[in-house]
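**Q** Work out the full structure: start from the sequences and follow the hints.
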Amino acid sequence: MKPFDYQRAHDVAQAVATVAAEPGAVFLGGGTNLVDHLKLGITAPELLVDVTRLHLDEVEELGDGGVRIGAGVRNSDLAAHPLIRQRYPVLSEALLAGASGQLRNAATTGGNLLQRTRCVYFQDTTTPCNKREPGSGCSALGGYTRHHAIFGASEHCSATHPSDMAVAMLMLDAVVEVQGATGPRRVALADLHRLPGDRPQDDTILEHGDLITAVELPAAPIARRSRYRKVRDRASYAFALVSVAAAVEVADGRITEARLALGGVAHKPWRAERAESALRGAVADDEAFAAAAEAELARARPLEGNAVKLPLLRGAITAVLRDLCEEDSR
Amino acid sequence: MTQAIATGDAGSAMRRVDGPDKVRGTARYAFEYPMKEPAYLHLVQSTITRGRVRAVHDGAALAVQGVLAVLSHTNATRIDPGDETELAVLQSDGVAYRGQPVAAVVAKTPEAAREAAALVGVDYDVYQHDVHLSAARTDLFAPDDTDTHQGDLEAAMAEADTVIDHVYSTPMQHNNPMEPHATIALWDGTSLILHESTQAVRMVHTTIASLFGLERDRVRVIAPYVGGGFGAKGPLHAPVVLACLAAMAVPGRPVKLAVTRRQMFTLVGYRSPTLQRVRLAADAQGRLSAVGDDVTAQSARFTQFVERAGDPSRMMYAAPNRRITHRLAALDTNAPTWMRAPGEAPGMFAPEVAMDELACALDIDPVELRLRNEPEVDPGTHKPFSSRTLAECMREGSRLFGWADRDPAPGVRRHDGWLVGTGMAASTYPALLMPGSSAEIRFEKGRYELRIGASDIGTGAWTVLGQLAAEALGVGVDAVRVHIGDSTLPAASLAGGSSGTVSWGTAITAAARAFREEHGDTPAPGARTTARGSDGADENYSAHSFGAQFAEVHVHADTGEVRVPRLLGVFSAGRIINPLTARSQFIGGMTMGVSMALHEHSVVDPRFGHVVTQDFADYHISVNADIGEIRAEWIDTPDYRANPTGAKGIGEIGITGTAAAVANAFHHATGVRVRDLPITVDAYLLGSRG
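If you're matching them up, the sequences are chains A and Y in order.
The first sequence begins at 1 in UniProt numbering and counts up by one.
The second sequence begins at 1 in UniProt numbering and counts up by one.
Everything labelled a hint here was simulated from the structure, so no lab data went into it.
Heads up, none of these hints are tricks.
Dumping the calculated EDC-like pairs for lysine to aspartate or glutamate here, alpha-carbon to alpha-carbon at most 16 angstroms:
(1) Y/Lys22 <-> Y/Glu32
(2) A/Lys39 <-> Y/Asp615
(3) A/Lys2 <-> Y/Glu111
(4) Y/Lys36 <-> Y/Asp188
(5) A/Lys2 <-> A/Asp36
(6) Y/Lys445 <-> Y/Asp478
(7) A/Lys39 <-> Y/Glu111
(8) Y/Lys108 <-> Y/Glu37
(9) Y/Lys383 <-> Y/Glu539
**A** In structure tokens:
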């Protein structure tokens, strides 16, 4: 393992300046992904800048009913926070569906958003991977693709984003606060992650040195009754085959508003806009749920090894919408 | 279950004597021994699957501060592997599988060893490789003595009222004990001391002595505590040999090697995938006229290992016509090895699902179908069974599970969005008795010291061997102190094949009796006696453990997720020496059976030639949330025909039949018949009813 330096940052500006000035520097949050990468040889930074002492660990209530989450808030703390559980249960459920208790205790909000794909070829330095080594080729094409994308992949990469939390946040129209070398800015979560295109090495639009400092959740009365449904290959402690974050409003048996985001299906958390459109105004029944799923699945491009994600997504969307609507009618 | 807790008598539920030390972290495992100035070993593994090493460039690695040596085939000590071709590590430029060690770095710190290993350059000549297992391969071969034919299976199939003829598959699986393999090797110029994580102290001792041409008294192997093995720590694999080679390169320095979790998927064996064509022929009453199991499995090109999945079908059910065959493909992979119930685990999946298919086809209850095919003697060997207790296990299991009320119709029960079904299967495992164990009893300071080179891989040997000695000596268990896990103790057979307790037990019983005969009931301090145990089972009998497993399975009607909320196993494994440790073994086996049913699958990418699911995020093993109510019961039936202890092995039978019971319950829940493991959401979402 290559020797590296470690620094503990004490303020945001200093942390950003340090990393921005050093091409071989990276931020260290909970370390639940980066440390794996160091051991696997996926990355070999010169300098780790620890950002867990920046006091970015508050969950604040905003005046308009929204919530601002510091980037350093641990996943466990966020999942258990009363404001999150009351106003955004989908987020609490998503967090608790991810990883294990020990990992959630360590993982941070900012780090969770920036975790990298678990594609087996990305993690295996003995095989080509365009994301790890641009231009080397994609081993997933013609390989083991059970966990790979059905939406928005390219010939260069079909990896999926592994986060559960980000799927719920996308459904909640979250906004990410970023501190860069030239100052702070706000980025819609929907714009943070990218599709792979011909640059799969770039998971997000962030520049080197950019530090996520907070995530803001706008007020969303619809989210008070929201659900996260994750389907995986075992009952716990596994990445999603597919997941669904959903919220609906129903009046007189008809869906008046619907929000739907999907996980495990693309290089980024996937907003199911076509399904949302199909649901608005529809009678809240299984037929409409399945039709909404079909509307989204029309643009799916499964690989040889992950065709099961189509019926699975149809089933998961139907199940979660049925649960929400049944609850609504009670 | 008996309430007696601490009497320690054989048969009583004595708590593990090693438990407190393990909980406190004071029980030392191989890697944990404090060493003066240790060195650390890090491996360089081939990134090709077949070919030759043209050159090893070690300059950059040697320049790393703290590096003591870089080993490769160009400079490693020559050894004599004989037939143990898997152990011919760094002995030639040949590459036989991807991930094979082609070099290794010894350094003063693990970090330096790791950094330097990444700097070792290896040039290869690359040859074409082939890792694809298929029953259609034209180069399959029949290993010696693995086929049996009785009567005429084809004719029986042609004449039968009902036949079942399907191909079933089980995937490649990897042993993953909690503690990966680990070694500390110290070579002082004349002798070799090994702290080794092994199921078989003596096997390591004799194999290493033989490989390195050392007298046996110049090798010592120490392994008092072992964090599981499941078979992968029985026969030796490459890592321990590498540690010895490294120790010889740096005499006087202990060399530490801890196999990483990822390396568990390349270096220490695996369960071969199996393809089994199972054929059953029956009359309208369900009486079998023929049983066939044609097994295709894989082995390495450089050695031969047979996953004998056909074995249980030789003795399980009565039928005059029988055909059991094994065919192997020699592939460019590392060698398969033992994994909990080798042979029986896959071999009690395919035929037990086929029996369920036959029960459905004939509309006969699956328990009743099996009862109608109970043999009077072993149908393969025609020997009497030492005891045959399958019927009792099935009846007791039916009673405890509530089987009698079961509606056989598949795919008709639904609860809260889940399809609900139940299924059963039989279990069996041979009652093996290994020759060659000795034990010594010494009387010192008012206590009896039991000395035997046995291994406790987490099963409870530390506890039950003391119980057996106390019983044979006629003293309380507190008067016995147990010494195991060291090659300087009297030699003992391995902890494998569910044979440890009974094989060692015969030696312990013999030693205790001889001690009493020699020294009486009031021995003088220092009195000692050594005796040999049984030299094998009574060949006049066919000796097996039996069991019956019952599973309830729920399948989500929208997503196809599979859950096993209830699992019951009723076993008959002779005399139960300690109900606490026995229950742990049964439940552990059943849990691993659920894991086999639903999860475990090593995915090989044939283009590269290696397993790409090399961590626990991708190679799934059941977690707590996957296991619902799990219950193991037993019928305590001492079997003194099987061996003089009356006990039979319990370590492996729990995994046999579990996956079939789950698959059969899955069919009952959904109407979808599963013939391929593992059973994932795909089975329901992509499967066809019928």
